[in-house]
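Every number in this note's numbering is 740 more than the matching position in the sequence shown, counting from 1.
Treat the hints with care, since some could be wrong.
Claimed, not checked - Taking CB as the label site, the calculated pair distances span:
1. Lys1525 with Gln1310: 41 to 47 Å
2. Asp927 with Glu810: 26 to 32 Å
3. Met956 with Ala1005: 28 to 34 Å
4. Lys1525 with Asp1595: 41 to 47 Å
5. Ala1005 with Asp840: 50 to 56 Å
6. Asp927 with Glu832: 30 to 36 Å
7. Lys1581 with Trp1696: 24 to 30 Å
8. Gly1110 with Glu1154: 22 to 28 Å
9. Met956 with Asn1001: 28 to 34 Å
In short, the hints are calculated from the structure, not lab data.
For glycine and all other residues, C-beta sits at the position ideal for the given N, C-alpha and C.
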Amino acid sequence: MPERFLASALPQHEAAELYRLMVVGIREVAVFLMNPDGYITVWNRGAQDMKGYTADEAIGSHLALLYTDEDRARGWPRHNLAKAAENGFYSEETWRKRKDGSLFWAHIALTALRGDDDRLLGFSKITMDLTRHKLLESCTKEKQEIDLILRAAQAGTWKWDVASGQVELSRHLRELLGYNGEPEQLDFDAWLGFVHPDERARFRTLLEDTCRDPLMAPIETELRFLRRDGRCQWFFLRANWHRSIEDGPMQFLGACVGIDNLKLAEVEKEGLVSQLRQERSRFSDILEQMPSGVMLADVPSRRLTYQNRAAARMLGRDFSGVDSYHDYRDYIFVDAQGARIASEDLPLARTVRGQDGPRTEGLIYERADGERLHIDVTSAAIVDSDGVARVAIAVLHDVSALKHMELAAAAEKERALVTLAALTDGVVTADCGGAITTVNPAAERMLGVSEAAARGLRFRDLLHIDEAACADATFAAIERCLDRKQTVDGLPHATLVSQDGARFAVENAVAPVILDNGELIGAVLIMHDVTESKRLLRRLGFEASHDALTGLVNRREFELRLQRAIERAQHAGGACAALLYMDLDQFKVVNDTCGHQDGDELLKRLATTYSEHVRERDTLARIGGDEFALIIEHCDVDQAMAVAQKILEATRTFRYVCKGRAFQLGVSIGLTPIDGGTINVEEAMRRADHACYIAKDRGRNRIYVHYKGDLDVAQRRSDMHWVTRLTHAFQNEQLQLYYQPILPLEDGDGPRHYEILLRMRNGRNGPIGPGIFLPAAERYDVIVKIDRWVLTRTLEWLASNPDHTDTLEMCSINLSRRSLGDPSFHKFAAELIDASAVPAKKLCFEITENGAIADMQKTISFIEALSARGCRFSLDDFGTGMTSFSYLKQLPVNYIKIDGSFIQMMSTSEVDFEMVRFTNDISHMMGRKTIAEYVTDSAILASLKAIGVDFAQGYWVGKPRPLTP
């Protein structure tokens, strides 16, 4: 029923009235009613068709439902209702939104409905869809705008209906070609007739190819058309396929834009460009022929745009890659002081940045090949007629040759002046008439006269020579030089007396000053000051023979005087003498406590004290840091002993106070007689040195006299020999490891066990045993170095022979008393064992009883540290000390090695047998195993087994053999 499209929420009698007022079923116009608040109460069919909402969806909704989001956001629905309520009516044309979100152009009439009492009953709204009218208006307007655009752009269109072959020319295109009237229909050939004959065939082919292959479209070309007056006119043509109506035939639609003015401009441009190229070529030729370098830069971009051949040759590179003044850093310029100039501070950089006007400055350029050029750079901006600088130019002049000549001349002059001023020789020049012209600073000092005061004087008025003969010789030489151009040197030494009375020893020489053409222009007097040289010779003579610190005779001079004393003693009836070698005791304490400066002061004072006890004809010398020597002339040993006692007593009573402490020294004195049996200086000094060492060894602060055949001195000589041999052995790998087996007596086939021994190669009768050289090593502190070497080489060999090491039960290594008491060796051994691949349990260290009890606490700490790693310890030579058993309880050793002196005699001595048995029993009670050394026969071996000794070692068990090659 029609009534369904006009549903209402009003009372029935009011709805019936409205039916009479409305045309039921109107679809072209949307009609609906609203209550006073704007909520829809009536919705007709036209509203449903136009808005897309059904009556059920619309009724009860607010008017804002029909507005766009933008209109709702600005409150337009309430605004329109308010206007209608205020004025009774409100009308507008605007875009409205359908349910599907599309927009349409709507004419709206909003009317306020009021009752008889003027009370607002609601609103009625009529909406008409004017979208088509709006589009028609837009098309008409757009067509007018297109016409204006085409006319302004000097453009026209054409349309080719391929099916009929007809081509339609637009009114605008006809007007451009000089024709009037409306658009014209032409056939295809007639259309081609408008095209210039030279272009016609190409244009026909282009159209026909596009017709055969539509994918070639769109087409673009430039061609000439023939105007009605016969002239040609250039057009830019573009065409593409187009369908005018849906499902209609495809047509080729093209547009032609007049480009006659552009073509004329192109021709003019080509002419100007050609002319510009010619001018630029001429200008470039001029620049390329210039001997100076020329560089151009674009000011806006600051990029280098040109450099001529001279610039490229000068700079040694092209200008590629220089895109801004920051890239000017590729050119290395330095100032006169050699400091590199920053890229932004280079002349051309400042010019392109507008910081500099025209200016010239000298710079130094460093080429890539290392050559340096001196370049004068003139830079300026080239300002165009509009007052804008677009190009900057830099002109480079290579002035290296001129600069080098200037520098050479200046350097030569400066060298001459500096040399003359720096000469220690006095130089006085005179003209050819003998008048003084120049006096250098050295001559001013010697003469006591300034150059200004001396200028113009004669030599006889200026020089005051003490010796008359020397003065006459000098003046005569000057006269010969000026008269005969003769050089005179070798004048006698003279004493020059200056104006202030100072005296100078001088050597004079005179020479003429002659130009290249042989002309004499003057003479020069050179005065060589030898005053200091003579003084230095005297001083050097003293210093060469005396100690700089104490002023005593030094070792060199002392040995010369000792040689003379020996030569006198060797002559028949010659006088004997004595040599004292003195080494201070406790001097190092002063140095370590107070410093070397106080130590030096002590030596100077002590030297003065010693000098008081020495006769004038005797020679006292300082021959080392804290060592003195004395030659006592014409005396026997007793007299020499008396002098030595005085020196010894003087040292004992000497006190030196430093930092609140008083230091007392001692001196060890070695005395040896100088007689006919003394061979030479070296022999005498060695004997005195040995005697001094023995004095130190016997308690210091005493005198020891060396006589011929002295055993103590012989022993020290032997020690020194073996210490030297050991040093050589270390340097030349002449030490060798040996091993001697240690046999388990309970099981003779048990695991391998041996002791490491040491030998020295190159003995006359084979390897040298340790008993020869180890005592000297002990006395001269070389033994710790040997212990380190043996431990290191043993571990290295065992690590490099793993199969041997796997079958090894234990390897015994001897340690000296010094190593046991040396904490640094303790650390060294622990770190070496930790770093080695050899298991620590394979190692056993043999220590002697005397060595162990020297510092019991350090020994026990060392044993505990290595035992914690798995090492074992053996107490060697047990039984030789008086306190062996008392210390056995304290030392945590694993093995007791019974001294060989008991083992060797146990077969023949009941006492020795019982000592071995007792030692074995006590050791077992304490949990130690026993080793018997020096087992030399089967009877001893049988006795050892009988009393239960654990291990045996000796030549009967096995001789020592080389371990390492």
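**Asked** Which hints from the list above does the structure break, by number from lowest to highest?
**Response** 2, 4 and 6
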